[in-house]
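Full structure from sequences and hints, please.
In order, the protein sequence lines correspond to chains A and B.
Numbering follows my numbering, with no gaps: position 611 of the first sequence is 611.
Just add 770 to the spot in the second sequence (first one is 1) and you have my numbering.
Treat the hints with caution; some may be incorrect.
Stated by the list, open to error - With a straight-line cut-off of 30 Å between C-alpha atoms, the simulated BS3-like cross-links for lysine-lysine are:
(1) A/K749 to B/K853
(2) A/K613 to A/K419
(3) A/K471 to A/K667
(4) A/K110 to A/K145
(5) A/K735 to B/K853
(6) A/K7 to B/K792
(7) A/K7 to B/K1067
(8) A/K350 to A/K372
(9) A/K517 to B/K853
(10) A/K372 to A/K47
(11) A/K7 to B/K788
(12) B/K853 to A/K752
(13) A/K156 to A/K99
(14) A/K613 to A/K542
(15) A/K735 to B/K926
(16) B/K832 to A/K392
(17) B/K832 to A/K454
(18) B/K832 to A/K637
Don't read these hints as lab results, they were simulated from the structure.
As the structure is a prediction and not an experimental result, all values here were calculated from the model.
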Amino acid sequence: MLKSNIKRIFAISLASFVITIPFAGCSKESSNDSGKESTPEYIYESKFNDLGSVKVDYVNQSIIKDNNIYMTGSHYEEDKKNGDGKSISYFMTSSLDGKKVEMKEIKGLKKDEGTDKLFMDEDGNMHILSSAYSYNKKTDTSTTKYSILDIDKNGKLSGRTELNPKTKKNEDFYLGSTMVYINKKLVAVSEDKIYIFNKDGSLAKKVQSDDYIDSIFRDGNGKVYIMGSMAKTGGSGICELDMDTGKLGKPSDFGGISVYNIRSVKHGNGSTVYLSNDNGIYQCDLDKNKMELLFNWINVDINGDNVSDFQIMEDGSMAVISTSYNPDSSSDIEIASINKKKYSEVKQKKRLTLASIYIGQELKEEILKYNKSNDDYHIDTKSYNEYEDPQKQMNLDIISGNVPDIIEMSGLSKSLYIKKGLLADLYSLIEKDGEIKKEDFVDSITSTIEHDGKLYYLPTTFCINALVGSKKFFNGMEGWTYEEMEEKYKSLPEGSIFMQGMTSEWFIQNMLGSQMKDFINFETGEVNLDSEEFIHMLEFSKNFQTSDQYMKEMEENGWQEEESLPNLIKSGKLLLNSMYLYDFSDIQVNEKLYKSQGGYDIISQPSKDKNNKLAMGGSDACMAISEKCDDKENAWKFLRRLYLYDYQKKVSEHSGFPVRKDVLEKKIEYAMATKKYKDDDGTEVTPIEGNTYSMDDFTVEIKPYTKEHMDVFRSMVSRIGKEDNYDASFTDITKIIEEETKAFFAGDKTAKETAEVLQSRVKIYVSENS
Amino acid sequence: MSVKILKKSKKRNKARNKIHLKEHLVSGIYLAPSFIGVMVFMVVPFIVIIYYSLVDAPVDGKFAGLDNFKMLFSNDAFLQAAKNSLLFSAIAVPLAVVLSLLLAVLLDANIPWQSQFRTFFLCPMMVPVASVVLIWQVIFNAHGAMNSLLEVFGFKGIDWLKSDYSMVVVISMFLWKNLGYNMILFMAALGSVPKDIIEVAQLEAAGKFTIFFRIKLRYINSTVLFVIILSLMNSFKVFREVYLLSGAYPYESLYMLQHFMNNTFESLDYQKLSSAAVVMCVFMIIVIGILFFIESKAGEDFED
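So, in structure tokens, the structure goes:
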């Protein structure tokens, strides 16, 4: 009896495990204690050969043949007397291990003809794809004529074949960056069409695809493939082109890895091809439907944005040509030889991983500089922009133990990672730094992003998000409630508008995004979407068009607003204008726009407590160090470079304001300069001139800023008190709101009914996450 | 003499034990692949889940004791999900069992068009859920067929999926999908009831209800238990239909336990997810234990 009871209990328990497992999911153990990916068997190592500078604005695709490099490029020469100019095409050669590039002008081109691409046919002969653009004023049409020019290794043109695509009137014809020469036929793509040209340039066949084609290439077996966006799957796919019938095969999606902006494709043996884009080089086995990233450009110390071409050498190594443009209208050319080596054979640097959805240009260059100059440490990067849901993929990597050392937090849920204890306190590292101090940073920025006195992430630059209204109307008001907002709007004259381009959906999102804590508190789990205020806000939002209505109207009006913004402001018929300040120019622009209204006031989003806080948004990069990082000190040694004076100065030229106080003051000083001078740090400072801002019939010439302008700016900086809440939680909640408000805006539900459903759904969300 | 017999008996026992041991070893070897598979893919992951439920962070967490469970039971979302799941199972499972049994009894009575009737109820099993959900959405939409019908009879339309009536929609979907299969199981069970006992009962002037409740139902009680367990398992899988109907965050009365688990997985909240899974497992052990106990008591006279 006892035995049968024990058996019964065991059976019940086992049955319960079976029932409950589907709900719990499985989790694999970490591969090693440090929580990192295990060391790879192979690694790619680069060796560089600097070929110096050449006087070209850019270098087209290049060819490597017989250990020589052949390139074409062009340089625009301006005739300062007439103000005209012309583009000169050059043919350049060098040996792979050479130190210099030989340049020669390509003679024999027609007027307005430029060289687009240098390529090699199956017999090893070199050709140039050239294009000549012409515009007919009478018919207001433009055409581009393509030709194939034969060129020898000395840069001499020896033949010309014009391509005749037989396009219809008004049909676009623009050849992409990749083409294939096979069986004496040239195969090229233009958007969603494939053109197969005979040797004499006549069109042999035209194939129409359902989707946009990114690139065309061939494999080692002579089969031709196209790669492009697949509308059905939403990702990219590859399918075979039957050269005889012109039919396209079934697309393969390679496990959902989407690879875009292919610059160059080289075929290996058999069905293997190699594709390069600005992320890295991918190896693709077309028969086995497999694609993998061989290496990321940054991990081999190359800036992917500068790669113009690559070649697979006979010994299996890769030669990569990089060109970078200089402000003096020259280009630096560098060749890297990339070899696959056993991990144990390469001198090991300690590797730190930097993960990001997308790595910006400035950050990329800084990583490359650091890697090249550091003998002990190397920053490896992992970019998640190719995944459909980058946040989810990063979460999965973290859960499975692959926690990056450094995380670039832009677009990721900061609150989630802080809650999970995944981010380290940067203040503890700043305290030990010695050179960088907490006081070096703009106070309102650090106080806004601190959590319980700790600093979990730090942006490199910042912008300010605010609303602007006329002084006549707002009279110095900085903060307001929702009721005051409605009153102000109702008191405007007939025919006035709230904000140009405002739609119902955007209104709700905007209000919620900047003042979410008025309605949703993640800490306490309180949700007040069924409050009178929110219901009122919903009803108020009906004053605006829906997004669909607005888009339709814009389309009918030729994408022009009914009345221009300057006229609306001048006539006093506009309540608010938005200001997204990432440089100082909007200060002067709004000054002139609101001159007739007695000036302008900067107002924050309406809120329950009438606070005047402005939102901080947009940044070049937002850096954090993982709590799991074994070597936080050295991770900080890289990170601190982004907060030093020089980098802050460089990055804030294009991407918002620097977070360092001293660099911000310098930026203010330079903007106020009225005469030329050389600064202590060697910067040549010239007064601002020649910059104009135009909108319809309104023009502002931006001049050196005054103290009054900068007082406005300083006041805005001091008012920063919140972040633009565009993280994953905000996205999830706005998605729910969008779904539910559709019926409300269509008139099927009242504001109260909509608010009740929203309250129910959002409460669940907040309870789950609090 | 007796010592000799004893010694011989001991030797025989030893030999017998050796043979048994050998048999057990050989059986063990044959069972090993399945056993290892169950351990690796079911038992070990569940142990990992228990571990996660006892630590405070998904990566290198510290031991947290029962804190995660306390947090779970004070979490409104979990309580709402648990309440909805229990309510759904409490209504849908008995309905599924009783209705399918009734249908089986009806078909057992040799009604006309029996084959067509059976096919009609089996068809929903063959249809993929994703393709059917769209039809249900259309029927129960605010401007759908159901509301049009209500308006014909003078009633006001209901927002079926965004009100407390949403449970009605889901229960209807569940019954529509599962009645057929349960009915087949009951039909097979009813077919296996010994005819001679029924004949004897009929001869002794037993009525139809008496025959059904006192004989047939007692004979098929193991099938009833099986159908209850199966329906209970399927009632938890209804998340699939609800997710397709109303997404990851539906109206509160549709928010089920698996919504909670799915969403907490995506938001890296392994503590809540794991502790919820453990709580569910314990609950299921108790429920199924009770069912087995009832079954063993109800079927005692037949086993004897």
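Given pair status - A/K145, A/K110, alpha carbons within 30 Å: Given pair A/K110, A/K145 holds - Cα atoms ~11 Å apart, limit 30 Å.
Would the pair A/K156 and A/K99 pass a check requiring their Cα atoms to be no farther apart than 30 Å? holds, 23 Å
Given pair status - A/K752, B/K853, alpha carbons within 30 Å: Holds, at roughly 26 Å.
30 Å limit on alpha-carbon distance, applied to hinted pair A/K7 and B/K792: The hint holds at about 22 Å.
Take the C-alpha atoms of A/K735 and B/K853, compute the straight-line distance between them, and say whether it is at most 30 Å. With a Cα-Cα distance of about 26 Å, the restraint between A/K735 and B/K853 holds, given a limit of 30 Å.
Starting from A/K471, check that the Cα of A/K667 is at most 30 Å away, please. Satisfied, since the Cα-Cα distance of roughly 28 Å is no more than 30 Å.
B/K832 and A/K454 were given as a pair; does the straight-line alpha-carbon distance stay at or below 30 Å? holds, 21 Å
Please verify whether A/K613 and A/K542 have alpha carbons no more than 30 Å apart. holds, 27 Å
Pairwise hint evaluation, B/K853 against A/K517, where the allowed Cα distance is 30 Å at most: holds, 29 Å
Can you confirm whether the C-alpha distance between A/K350 and A/K372 stays at or below 30 Å? holds, 14 Å
Satisfaction of hint between B/K853 and A/K749, Cα-Cα up to 30 Å: The hint holds at about 28 Å.
Taking only the CA atoms, is the gap from B/K832 to A/K637 under or equal to 30 Å? holds, 29 Å
This entry satisfies every hint, going by the numbered hints stated previously.
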